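Given the coordinates of chain A, work out where chain D should sit on it, guided by the hints.
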Amino acid sequence: MTEEVKPKDRESVVIRFSGDSGDGMQLVGTMFSNLSAELGNEIITFPDFPAEIRAPHGTLSGVSGFQMQVGGKNVFTPGDKADVLVAMNPAALKVNAGFLKSDSVVIIDTDSFQAADLEKAQFTTDDPFKELGLNSVQVVAASITQMCKDSLEGLADNKQALKSRNIFALGLVCWLFNRPLHIVEKLLTTKFKKKPDVLQANLLVLQAGFNYGHNIHASVNSYRVETVSHKKGFYTDVNGNKATVYGLIAASEKAGLPLFLGSYPITPATDIMQELTNRKELGIKVMQTEDEIAGICTAIGASFAGNLAATSTSGPGLALKSEAIGLAVISEIPLVVVDVQRSGPSTGMPTKSEQTDLLQALYGRNGESPAVVIAATSPTDCFDSAFWASKVALEHLTPVILLTDGYIANGSSAWRIPDLEEYPEIKPPFVKPEQKEGWTPYLRNPETDVRYWAIPGTEGFEHRIGGLEKNSATGAISTEPDNHQKMTELRQSKIDKIANSIPLQEVLGDKSADTLVVGWGGTYGHLYEAVENLRSNGKKVAFTHFRFINPLPKNAEEILRKYKKVIVIEQNTGQFAGYLRAKIGGLNPYQFNRVKGQPFIVARLVEEIQKIIEL
Amino acid sequence: MGQITYQPKDYKSSQLVRWCPGCGDYGVLNSLHKAMAELGIAPHNIAVISGIGCSSRLPYYMNTYGFHTIHGRGAAIATGVKVANPNLSVWLSTGDGDCLAIGGNHFIHAVRRNVDINILLMNNKIYGLTKGQYSPTSDRGFVSKSSPFGTVEDPFRPAELTIGARGRFFARIIDTDIKNSPDIMAAAARHKGTSVVEVILNCVIFNDGINEKITAKDVRSDKTIFLHHGEKMVFGKDNNRGIVQDGFNLKAVTIGEDGYTLDDVLTHDATAKDPTLHLKLALMDGEELPVALGIIRDVEAPAYDAEVEAQIKQVQAKKPARTLKEFLMSGDVWEVK
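Taken in sequence, the protein lines are chains A and D.
Position 401 of the first sequence, counted from 1, bears residue number 401 in our numbering, the numbering being contiguous throughout.
Position 215 of the second sequence, counted from 1, bears residue number 1215 in our numbering, the numbering being contiguous throughout.
Just chain A, same shape as in the assembly (with noise of 0.2 Å):
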């Protein structure tokens, strides 16, 4: 092993982390992609883990992942396949048979691959690989246990040795990729600074797994990623949930309102309730309630007395919510409901993700009740998209469902800090004080249908609200069988005048071609790499996808009509699809729908597409 081999330069390599629930696979996971974000790579994560905290240890159901792709430009997804997998038990191995590419690098801890590990992943031969039939893969069988143990001996017990596994393995994957230790030293550093004992041994184990990969390098592919610069800025790391809470704050900001948020912990969700409540210096008031009914309902009682309210949740919870979606639908009151999708139905597959929730979002209450829905597209995306479902909603006065998921909630990528000059003004329509002669609570602005906000504490306008129907010239308790005709349209008409104040729906790749892919939400990355996969091999096609979906932008319709072929592709079983066949009369499109829990898979993406294409 003494041969120098050349690393091989590659545009962007797919890694995943892969162990027990407890073997800290998510914290060297999110450590080797902030070292790589600020070595300058676009980096796409995927977190993947069980429901339970600590499920039972080795066994198939505690596995816990983290994938990521890292590259020079043009990262759109987490990847497919991995180059890399490190699997610290062979129940990390079984499950992530199926996601390897066929000369893999697989780093395992032979210490964890005895007999009794091997029966508890339900292994029947004494050979992993083989019964799994993974035969080209390339193994770096690491007695990492022990290593940890002998590199740390003296100094640490056994039980700390053992915690330090998934940093041993964290070293080797820098040497493969080429990656200095300094910056995962700084990020430990920052890490553990309050356990000095815990930091020393990390550090030590960081090194060990480092040199050991150095010692052994002749035998396995390293790597060599390249970058490429950015736009000019300051960057930092973040998850869509993270994002998701900057553009809240952001519109708080811009709009000059204090921003609430009423929630009530839910798995994907909860992330967005714990950073908000950690940025008390900005002024935020956040309520942990007792249910997510009441996570709602103080959300539009701090509307109510002018802030911007938002409330977090998934689809469980969103299910909870309906009534009081109705409320500010009828009452006319800005909200931001923030469903962060996860699988379902009832609770489902609380830690996987899926696109299930658009129905329940458009139609999920009872009556005509019209809300606003806006799906987020990736990870950096949910701030814009954020910032968006809020000004629709101070600016509107209505709820607005902000459509996000379990994949690209907890999926992270680099993002450039925004200048909030970038951004558009947000304008709540307050009542003026000249307004104040015969003013009512639903006398509206004609060219937007939307009524006047006039907020507790102003002198002069004292009214009342609620979710009776009202007289549309009075605001009394009205049920005048004209007039609730009248409302019904109002708020509607209301809703669908939106669309004259977002931006315009936008198609990529060939304008010209016959077929037109279409998605929405946080399927983008990956509808988006298998268009760009297609077109690199010669195939013509258009791909247009929705973040904005009711109303739908103003040219939807025109896009849609204009291609031969239609291709709907969604995390559900066609609810989008269906949605577009209400909408726009006459439109049949093709449909490509998976339910797995899963990301997409981009090779299978253009294998369907490709058969619309020679359709």
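Treat the hints as calculated values from the structure; they're not laboratory data.
Note that this is a predicted model, so its numbers are computed, not measured.
Relax, there's no trap hidden among the hints.
So the derived list for chain D, only partly shown, Cβ under 8 Å to chain A, looks like this:
id	residue
1	Q1015
2	N1063
3	Q1311
4	K1325
5	L1328
6	W1334
Just so you know, even glycine gets a beta-carbon here, dropped at the ideal spot from N, CA and C.
Relative to the frame of chain A, chain D by itself:
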């Protein structure tokens, strides 16, 4: 600058009141107008929130800001209003069904948090707006449209629930007692934290007369006791009855009989932190012991909305960022030049 004074009519809206003639809610409404005038808070700085039910129509009859919301959720919505703008005087107008059945969870948590809202709990032990079903405060065996053979369940007692949720203010009034009610409501408003005022209320249509045995003119002074902080617990037509302690229990005695003197009669301390005696007083049911009226419990404790603001100030004293950009730039960032 002279103090602006307000009259009860300043809080009255132009809406036609639509409760049934003789409904106890009229008394509550009139008392509330008077209480607000007594407090002298400008109508535009008051928000009256309600859920669903007869009692929840009240905001429409107030010339303040008002929000008639959805069934049971008023306590949560009122909480949001107060936390968002602690300068407002926030009231919740609710009933036994709205607040203790569908809204039970929000009620106990509002009380536990001690957010500074004033809850007027109109307890008529019946669902009126849905035309006569038993409620969570209906007595065991109560016959109604939804319990034709009598209920086989025990009711909530609002005081017990309030104190069980660590309530710091509990008072009880009779709907028709326009003389005392405004003062009690004003005291509830002055209390910093959640205050619960239970109104013993008559539903003329579906539950008429259920309170007669304690509220009727000829029995009221013997069947009720109006508690005043710092005063002896005396009651009765001749003001010669008193509440004394008897072991772990309370007992009604006649002063001058059986060797009891005024010195034996308990003095009401509404501010005692320990709620044991308050609970005993609040559960007196008009059989052996008179039903307690007035302010039974009034204990100081940090109010949630004020604590939220105080915590923000504490954190701001330590962390300099005031804008999103300042915060982000103080974190883990790298520059691309």
